[in-house]
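Asker: Assemble the whole structure, with the sequences as input and the hints as a guide.
Chain by chain, the residues:
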Amino acid sequence: GAGVSQSPSNKVTEKGKDVELRCDPISGHTALYWYRQRLGQGLEFLIYFQGNSAPDKSGLPSDRFSAERTGESVSTLTIQRTQQEDSAVYLCASSSDRGNTEAFFGQGTRLTVV
Amino acid sequence: AQSVTQLGSHVSVSEGALVLLRCNYSSSVPPYLFWYVQYPNQGLQLLLKYTTGATLVKGINGFEAEFKKSETSFHLTKPSAHMSDAAEYFCAVSRTGGFKTIFGAGTRLFVKA
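So the sequences go chain by chain: G and H.
The numbering used here runs 204 ahead of the 1-based position in the first sequence.
The numbering used here runs 1042 ahead of the 1-based position in the second sequence.
Think of the hints as simulated: they come from the structure by calculation, not from any bench.
We put the beta carbon where it would ideally sit given N, CA and C, even for glycine.
Incorrect hints may have been included.
What the hints assert, rightly or not - Cβ-to-Cβ under 8 Å is the rule here; a few derived chain G residues that face chain H:
{"#": "1", "residue": "GLY246"}
{"#": "2", "residue": "LEU247"}
{"#": "3", "residue": "TYR252"}
{"#": "4", "residue": "PRO259"}
{"#": "5", "residue": "ASP260"}
{"#": "6", "residue": "LYS261"}
{"#": "7", "residue": "SER299"}
{"#": "8", "residue": "ALA307"}
{"#": "9", "residue": "GLN311"}
Unchecked claim - In silico contact screen, one side only, chain G against chain H (beta carbon under 7 Å); selected entries:
{"#": "10", "residue": "ASP222"}
{"#": "11", "residue": "GLY303"}
{"#": "12", "residue": "ASN304"}
{"#": "13", "residue": "PHE309"}
Answerer: What follows is the structure, encoded as structure tokens:
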């Protein structure tokens, strides 16, 4: 596709429910990132996928958070038993693996837990 | 390991004044350096990047940054701030070989009339 696509753009969920967020990276990009951005805050790294390597999950805040990516395509971020503190914008980015090219960001999914 | 430090989570300048946003990095190998901008309620977009060659890099909207290896810095500047520059700015470092890009915590720029 022309850019990184995330869906849904907005999600309101009840506390305790599970949610699934989707990211379609730019075709051919081997690297994919998930970040969390709370209101008025910076980027909080969650997870990094690079090709077929084991993902870097060092940023996942708890075992309620998980993410999958099949090959170099779509990724899903799942949050189980959502809590109010999970409310944030979840950003996905993709890039090539050459390092000298920028990451392209999606518009994000705004998650509100009520 | 690589890291990025942005000095000042908030910077306020008057319209027409110099903008200086500071970024220092650490890297054991030659880094690639980036500045991204996030306008209110929008996604992040690339402002400029340094990979190799000229150490003074020009980006969009009149911004530029200079890679100073001796100071491990990549500060972002603009000679004259405009109200439309109010945004969040993120510095980032990466390297070749499939390593993840590391982002700084961000600096929010306020521009006063």
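Asker: Each hint: holds or not?
Answerer: Hint-by-hint comparison with the structure:
no.: 1; hint: GLY246; in the structure: 4 Å, holds
no.: 2; hint: LEU247; in the structure: 5 Å, holds
no.: 3; hint: TYR252; in the structure: 4 Å, holds
no.: 4; hint: PRO259; in the structure: 10 Å, violated
no.: 5; hint: ASP260; in the structure: 6 Å, holds
no.: 6; hint: LYS261; in the structure: 12 Å, violated
no.: 7; hint: SER299; in the structure: 7 Å, holds
no.: 8; hint: ALA307; in the structure: 6 Å, holds
no.: 9; hint: GLN311; in the structure: 5 Å, holds
no.: 10; hint: ASP222; in the structure: 25 Å, violated
no.: 11; hint: GLY303; in the structure: 4 Å, holds
no.: 12; hint: ASN304; in the structure: 4 Å, holds
no.: 13; hint: PHE309; in the structure: 4 Å, holds
Checked against the numbered hints above, the structure violates hints 4, 6, 10; every other hint is satisfied.
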